[in-house]
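Sequences listed follow chains A and B, in order. Position 239 of the first sequence, counting from 1, maps to 239 under the numbering used here, and the rest follow consecutively. Position 490 of the second sequence, counting from 1, maps to 490 under the numbering used here, and the rest follow consecutively.
Hints in this document: simulated from the structure, not taken from any laboratory.
For lysine-lysine, the following DSS-like pairs were computed, each having C-alpha atoms within a straight-line distance of at most 30 Å:
id : chain 1 : residue 1 : chain 2 : residue 2
1  : A       : Lys219    : A       : Lys230
2  : A       : Lys242    : A       : Lys27
3  : A       : Lys3      : A       : Lys112
4  : A       : Lys113    : B       : Lys510
5  : B       : Lys207    : B       : Lys186
6  : B       : Lys510    : A       : Lys112
7  : A       : Lys127    : A       : Lys216
8  : A       : Lys3      : A       : Lys230
9  : A       : Lys143    : B       : Lys510
Between beta-carbon pairs, the in silico distance windows are:
id : chain 1 : residue 1 : chain 2 : residue 2 : range
10 : B       : Arg494    : A       : Asn193    : 33 to 43 Å
11 : B       : Arg494    : A       : Ala139    : 12 to 22 Å
12 : B       : Arg494    : A       : Arg210    : 38 to 48 Å
Anything over 12 Å on all C-beta distances counts as not near chain A; from chain B, calculated:
id : residue
13 : Ser93
14 : Trp94
15 : Ala106
16 : Leu204
17 : Pro237
18 : Lys420
Small disclaimer: the values here were computed from a predicted structure and weren't measured. All residues carry an ideal CB built from backbone N, CA and C; glycine is no exception.
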Amino acid sequence: MLKIENLSATVGEGEAAKTIINGLSLKVPAGEVHAIMGPNGAGKSTLSYVLTGREGYEVTGGGATLDGADILAMDPEERAAAGLFLSFQYPVEIPGVPVMTFVRTAMNAQRKKRGEPEISAPDYLKKSRDVAKMLNLDADMLKRPVNVGFSGGEKKRLEIYQMMMLEPRFMVLDETDSGLDIDALRTVADGVNALRAPERGMLVITHYQRLLDHIKPDKVHVLAKGRIIKTGGPELAHRLEKEGYDGVLAEAV
Amino acid sequence: MMDCCGGIEEHDDDCADVKVKEGIDAKTVEAAKRLESENYSAGFITDIEMDMAPIGLSEDTVRFISAKKNEPEWLLEWRLEAYRRWLTMEEPSWARVHYPKIDFQAYYYYAAPKAGAKYKSIDDVPREILEAYEKLGIPLREAEVLLGVEGAADTAAAAREKPRVAVDAVFDSVSVATTFREELKKAGVIFMSISEAVHEHPELVKKYLGSVVPTSDNFYATLNSAVFSDGSFVYIPKGVRCPMELSTYFRMNAENTGQFERTLIIADEAAYVSYLEGCTAPMRDENQLHAAVVELVALDDAEIKYSTVQNWWPGDEEGKGGIFNFVTKRGDCRGARSKISWTQVETGSAVTWKYPSCILRGDDSVGEFYSIAVTNGRQQADTGTKMIHLGKRTRSRIISKGISAGKSDNTYRGLVSIHKKAEGARNFTQCDSLLIGDRCGAHTVPYIENRRADAQLEHEATTTKLSEDQLFYVRQRGIAEEQAVALLVNGFVREVLQELPMEFAVEAQKLLEVSLEGSVG
Numbered sequence: 001m002l003k004i005e006n007l008s009a010t011v012g013e014g015e016a017a018k019t020i021i022n023g024l025s026l027k028v029p030a031g032e033v034h035a036i037m038g039p040n041g042a043g044k045s046t047l048s049y050v051l052t053g054r055e056g057y058e059v060t061g062g063g064a065t066l067d068g069a070d071i072l073a074m075d076p077e078e079r080a081a082a083g084l085f086l087s088f089q090y091p092v093e094i095p096g097v098p099v100m101t102f103v104r105t106a107m108n109a110q111r112k113k114r115g116e117p118e119i120s121a122p123d124y125l126k127k128s129r130d131v132a133k134m135l136n137l138d139a140d141m142l143k144r145p146v147n148v149g150f151s152g153g154e155k156k157r158l159e160i161y162q163m164m165m166l167e168p169r170f171m172v173l174d175e176t177d178s179g180l181d182i183d184a185l186r187t188v189a190d191g192v193n194a195l196r197a198p199e200r201g202m203l204v205i206t207h208y209q210r211l212l213d214h215i216k217p218d219k220v221h222v223l224a225k226g227r228i229i230k231t232g233g234p235e236l237a238h239r240l241e242k243e244g245y246d247g248v249l250a251e252a253v
Numbered sequence: 001m002m003d004c005c006g007g008i009e010e011h012d013d014d015c016a017d018v019k020v021k022e023g024i025d026a027k028t029v030e031a032a033k034r035l036e037s038e039n040y041s042a043g044f045i046t047d048i049e050m051d052m053a054p055i056g057l058s059e060d061t062v063r064f065i066s067a068k069k070n071e072p073e074w075l076l077e078w079r080l081e082a083y084r085r086w087l088t089m090e091e092p093s094w095a096r097v098h099y100p101k102i103d104f105q106a107y108y109y110y111a112a113p114k115a116g117a118k119y120k121s122i123d124d125v126p127r128e129i130l131e132a133y134e135k136l137g138i139p140l141r142e143a144e145v146l147l148g149v150e151g152a153a154d155t156a157a158a159a160r161e162k163p164r165v166a167v168d169a170v171f172d173s174v175s176v177a178t179t180f181r182e183e184l185k186k187a188g189v190i191f192m193s194i195s196e197a198v199h200e201h202p203e204l205v206k207k208y209l210g211s212v213v214p215t216s217d218n219f220y221a222t223l224n225s226a227v228f229s230d231g232s233f234v235y236i237p238k239g240v241r242c243p244m245e246l247s248t249y250f251r252m253n254a255e256n257t258g259q260f261e262r263t264l265i266i267a268d269e270a271a272y273v274s275y276l277e278g279c280t281a282p283m284r285d286e287n288q289l290h291a292a293v294v295e296l297v298a299l300d301d302a303e304i305k306y307s308t309v310q311n312w313w314p315g316d317e318e319g320k321g322g323i324f325n326f327v328t329k330r331g332d333c334r335g336a337r338s339k340i341s342w343t344q345v346e347t348g349s350a351v352t353w354k355y356p357s358c359i360l361r362g363d364d365s366v367g368e369f370y371s372i373a374v375t376n377g378r379q380q381a382d383t384g385t386k387m388i389h390l391g392k393r394t395r396s397r398i399i400s401k402g403i404s405a406g407k408s409d410n411t412y413r414g415l416v417s418i419h420k421k422a423e424g425a426r427n428f429t430q431c432d433s434l435l436i437g438d439r440c441g442a443h444t445v446p447y448i449e450n451r452r453a454d455a456q457l458e459h460e461a462t463t464t465k466l467s468e469d470q471l472f473y474v475r476q477r478g479i480a481e482e483q484a485v486a487l488l489v490n491g492f493v494r495e496v497l498q499e500l501p502m503e504f505a506v507e508a509q510k511l512l513e514v515s516l517e518g519s520v521g
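Chain B with its partners taken away, still in its complex shape:
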């Protein structure tokens, strides 16, 4: 139990300091060095003719994007204001990540397949895009379902036993298809790309866009506000429990391109939605830039469950290429008794800078953060959460599992802030780190700001090494080494995997296995 006021505490656990046991660790290091890029099965490039904005960033770029989307004047002004503010801001440097200075003029800020964004029928979708999604295992066999062609959804869905998931597929800067739209519409659920929502539901977009992450929030969020291209929009009306899982699948394809998606999810009073997000990108030698903003709003008694499986290209074993992932994700528990739950499995990206947070504004509201962050090779991750307790009896729970292998660096950075009016607020934080090998690092940086004497704050942190004893014990029972590591790692992250929707959990489990392949000799 901790009751410090505004206390800051830092644990630093470099495994270079951990005494290396004989035998296995030397081999572990060897194997980690062999980490091969071919493990990344999503690394292919789709060759398709693209419509690009001129390279670089200026007011003209902002106007270009806005014009491409045929946006109303207010939104262009909103973007321009953000852009002008961004010019005055400095890139943050407090995170424990190191990368060469980003030249923001060297990126393309808009890239869309030339054939256009939305397609009326399967025949109109460029073959290359269909093939790309097929390779990634997104259900394009039921291409008509993806396209939301009327009637197709019902028959295709009936043919499958597994729970249905509606997909919004975002390819570089545009949403190419959204499935199950008709069926969702019957339930009153709005699920479409944000570009479409701007035209079809301007009142909702105008009311909520930037209300959780203001345009002035931080360097990357401000940049995103100026140049965001596409993303998903979800509105669940009062009292509606969304009849299926919603998901967005982000694919970054084009070279030297930044992806700046913007997602906005609103759960009206007593509504419920579970939303999944998946990401991949091709293997490229250059770094790609990804700076997304996700805003969630939960009104009275509403619940939003947001799950991410992030598998961006992490760069090769020398640290060349890979995605720079600078993301601002924030949920606002605006209503009483509302609940927002973030679950993330982060295995990709060269550099990750990401803190999905909850503002617990409504009385009795609940925020949760469950995270698995895996770093291997030369990856760097600085991730965690912020739980801002404003309302009475607000509760938050943080479970973070970091796994470091190779020469990677993995930092948990979290803030729990209890404000003056947050009578009886409670937080539980647990941060566990697992080290594989002896050239990686794990760091835990929990910040606590407490302005109430009656707050209950608990914090637990552990750092362990994948032990030789455990490996031998498991192998003695007949389980081969690779499978033994997978079993031990799965055990380590079990609490978090349980929070994921079933199918996602299976995918995440496989992803963990692939990410750590060859990390033990």
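Only chain A is shown next, with the shape it has when bound in the complex:
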């Protein structure tokens, strides 16, 4: 499904350009959930931005494909239409644009690009009601401008709402657990787990083991200095939690 090969990328321009991703390789087959853990500055968020095509990040080597398609050659909106979704670490406020207007516009833009018919207003509303219920989201919140005046937890839940509405094929969750209390964490995890399917893949970026108690990964990768230095099963996350990154990093060198 997602295949990253020997990827290198820099941030910044000209003299100031800094290599953050440095020869990273990773494969997430369809149906699997992989976790990426790593210390601050390891390149976790950069990886999510490079995959989704944010400006200011330059790929200097290697490649990445989603079901064989070269995603790095696409515009951000094309990647989205191809099924790539990023749950942002810091969701952005969009004043004056109600959540429902925003998500429905996005949904139809993606469908149009894929040559599918638009979703009707009643169909959208029905689906929205079901998703909102599952995520414990107030109906009023969906009429308010995107993320404006939302608490940290509400913003993260809204990311998952968008994800469940758009039904992407591959999801990148960038520190979705940060800023969540235990209950919200469980709600968010329930949403994510509901999307687990044989045809979908997922990359869960996190600092902490606790999210992985709720979203069980098939594999755990440790990212440091821009590349994967160690890969293991769920037990690796527990070990990191207990021993910290230092031990694992020292071992890998």
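Given the structure of chain A, go ahead and fit chain B onto it with the hints provided.
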């Protein structure tokens, strides 16, 4: 909250000072440079034989215009007095706009289609004019409706589901047609060109003309008083709620011509009217001059809602051509509990100088000003409002949204004045500026004069840049860049768009999109 007395405050937010982020801004600037004139779809010229006044301005020009309209003696005298006063006045220079000195002798002050002004049937309207309005999307398919041919209005209207709008079409200096006149007449509403009103309702015109904007008011208003050619006249009688939206569509066509329209709207006690104004002009290399005066009078318990979508030709990307728009618009809340509401969407003109204002004379009267001003390319806009609180418990509300792109300059200039007798007056002002790119400017200049300790004045101002974070977030959800910008801009101006009548809001939304096309790379 602010309670300063006679305080003047100035915020200056040049985006040249804003730190430029990498990536998108460089591209934004590139794209803004590419701003193409073909975006302006109303830029065509209609080739039609015109009846013109001799070029230039003199007492003879004033007499010529007055004679053309067969005006009564009092009106000619009124014009001449204004003209003589104008000769002694100086062009104001305090606005934050720059343009070459205007040679007032280089313009034509009267231009009318040779075939005449009003037509009896569809067959008499010059084909060129019909085609021009058709291209602009004014409902000329129902040409007979536009012409107010009896009976045609009802059937054509029944055939349409959307709310009906009566149109007064002004082509250069004359009104060529007014629709739905018969039906409006049944409700007692008078809607006609001001030239006609001078003959048919002289008592009303004489009573109210110049009563809100006196002939001596300012340089451009005085000029307008001397040479005004046509415009709309509306009178809503006591207790009548006007059964449909009224609108005037202004088209400037002739070369080197000034358009000086004069609009007068009177809402008698407990009357209500919603009035819309639309404007376009062809793309010409020379600057055209537009100096209008609009006067609104609201008596006790009356309400006037005045909406404008201004899309005059803004000039090309080098700043060549375009309309100089110097407009005096003022509403007088003369009666108690009256309300006047201005909503404007300004996307055109090379230079805009315009401050729709409210004089809150009646106790408990309410003034509102909702504005979206977009500047792109080399456009300059200096616009805002004046809220003059004279009566007790008068309230005013100002919401201004400025959007600057390209190398344009956008200034909000507003005055809130609380007079001695305005016990318990209240004002709320909110001015937001959005910058696209880093070569444009946004300025907020709010003046406050307060002579009462019990006045409540609130002022909020923000300046933001269209952010890279927002754009990326929206695009990551699958929305292409141009649509993403439109979505963000629409969100920014939403509060004001909501104030527009439905159909106008849709048009305004499209206009915003076109005006900002290519402003982000």
